[in-house]
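*Asks:* Once you have looked at the hints, place chain B with the ligands on chain A.
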Amino acid sequence: MSHKELGEPVASLGFPRHTLVSLLIFAAAWEVLSNLAPFLGIPPFAVPSLVRIAKAIGTITPLDVVVTLARVIAALIVSFIAGLALAMAMYRSDPLDKYLSPIIRVFVAVPVVSWILFAVLWFPGVEFRIGFVLVVVCGPVFLIDTLDAMRSVPRELRHMMRSFRPTTLQFFIKLMMPAIIPTIFTSWKVNISLAIRVVTIAELVGAVTGIGAQLSNAQQLFSVADVFAWTIVLVALLFLLEAIVSRVEHRLLRWRA
Amino acid sequence: MTTRSPGGPPPIEVRGVRKVFRQTTTGQSVVAIDRLDLTIAPREVVAIVGQTGCGKSTFFDLMIGLEAPSEGTLRIGDKSPHADFDYFRGKIATVFQQDRLLPWRSALDNAKLPLELIGLSEEEQRERALTWLNRLGLGAFINAYPHELSGGMRQRVAIARAFSVQPDIMLADEAFGHLDEVTAQELRDTFLALARESGSTAILITHQLEEAIGVGDRIIVFGKSAKLLADIHVAQWDKSQYGLLREAIQATLQSNSPDPRLAQS
Ligand SMILES: Nc1ncnc2c1ncn2[C@@H]1O[C@H](COP(=O)(O)OP(=O)(O)OP(=O)(O)O)[C@@H](O)[C@H]1O
Ligand SMILES: [Mg+2]
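Protein chains in written order, with this note's numbering: chain A, 2 to 258; chain B, 2 to 266.
Wrong hints could be hidden among the right ones.
Stated by the list, open to error - Just so you have them, the derived chain B footprint on chain A, three or more residues with Cβ under 8 Å:
hint : stretch
1    : 154-165
2    : 173-182
Said to hold, decoys possible - Calculated Cβ distances over 12 Å to all of chain A for the following chain B residues:
hint : residue
3    : 26
4    : 209
5    : 251
6    : 261
To be clear, the hints were calculated from the coordinates, so they are not data collected in a lab.
Yeah, the Cβ is synthetic: ideal placement off N, Cα and C, and Gly gets one too.
Same shape as in the complex, but just chain A (with noise of 0.2 Å):
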């Protein structure tokens, strides 16, 4: 949407011209490797052809992509929900904010590695361990972002609510929900990316369907066509759930000049 009102030149697909230039320039240079790869002394499998890869984006196993998909919205889902209630409840609450605070901090500071091997070596079941490690990373994201939007909600505003007297339930519903929407957008956007990138490498770590799972039996085959397709696949599915989540941005904000 946001290349129209740029008014960049528009190509077929609905990609901005220049997208759609750059891509072609970088698989044509891919293809030239790839042809030169025997005199360059590089192995034959390490720069696959594109021919290659198209075949093996054929194979894609659609069952693994829908799994991978549904351990993201999940999880998601629930770090939502629970990054914005404790949000709430913090910003309620300034004992709870001061004692939780420096937790989250803490938790933000792992690395995700560290999260995966704890996981391991605390849950037996598979999917708990994914979907621990994917709301253990994207939790804290919702709910630091949610809870610096409300405090910055203007005093005026504020003030303004309460003079007419809301219920707690009130306050929350008609002003601060609202007045964090954009915050919300913005970091659902930032976690769906974050999510796509973790949850692969926690499928790594024993899940035996997934993008994540598959691209390790890729890995062992040395085979290098795969990894190309199924991270393509990846890629392209991160876009289209950030392009769903702009698309319903736009709707809602709409009230925006």
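*Replies:* Frame of chain A; chain B with the ligands shown alone:
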């Protein structure tokens, strides 16, 4: 359904009210209001003047019930706006210095806000909000968002929002100060006409003495810490004396003590 009190607006009684704030940054105490005694009769239109920082807005916060007095009592009828917070829902409305509209709501939805809070049916909310928007000359702009309206029009929406609940008490905190003179004059006249017509008690904070003399049945002059320097009943002054009155109020504000010329009221 209306939130208007059956016998009309109750009187406001302020007895020995003190309000002390402890500043979080410096840890120092600020006496915003020091032992204020004041009675405001039902349907009176009162202008409050006073230098910046003298406690006018704090007085409003006490009346709205957002703050409790540190000492003394403030009662509206037989109730306290702070302790009986829910009771006064829909009974007190405020127009602020900036319009304070919700940017994501259209003019209509902004005017509906207080009606939603008192739990009117969707139909009634719409009808009442429309009535008031029309009265304020905004009939053609009900679907416009705040950013699409001029400052004067936004303030009109804010006035419609305040009147839509038909409050007992209508407060205006420098509601016209930021507008150009012509628009301010127009809006002030509209506001007063509507307040008198709807039978609300109206209290306006203003920095403009012309405004105070023009609007009020009564002008209350606050000194530092809301010290009551003068309580002027404008009807006791002849129109030809308004210049003198203005000078006397000015002198009172400057010296922070009552000017002798005000003794007549
Ligand atoms: N929440 C608060 N915390 C601490 N101090 C406060 C608070 N609210 C007001 N004060 C202080 O109380 C005093 C009175 O403030 P108030 O806003 O009532 O003045 P005012 O008469 O409305 O001024 P103005 O004409 O500038 O609007 C000021 O010294 C102000 O700093
Ligand atoms: Mg003020």
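*Asks:* All hints, please: hold or fail.
*Replies:* Each hint tested on the structure:
1. 154-165: holds (count 7)
2. 173-182: Our answer is that it holds, as 5 residues pass the Cβ test (under 8 Å) against chain B, meeting three.
3. 26: holds, 15 Å
4. 209: holds, 22 Å
5. 251: holds, 30 Å
6. 261: holds, 39 Å
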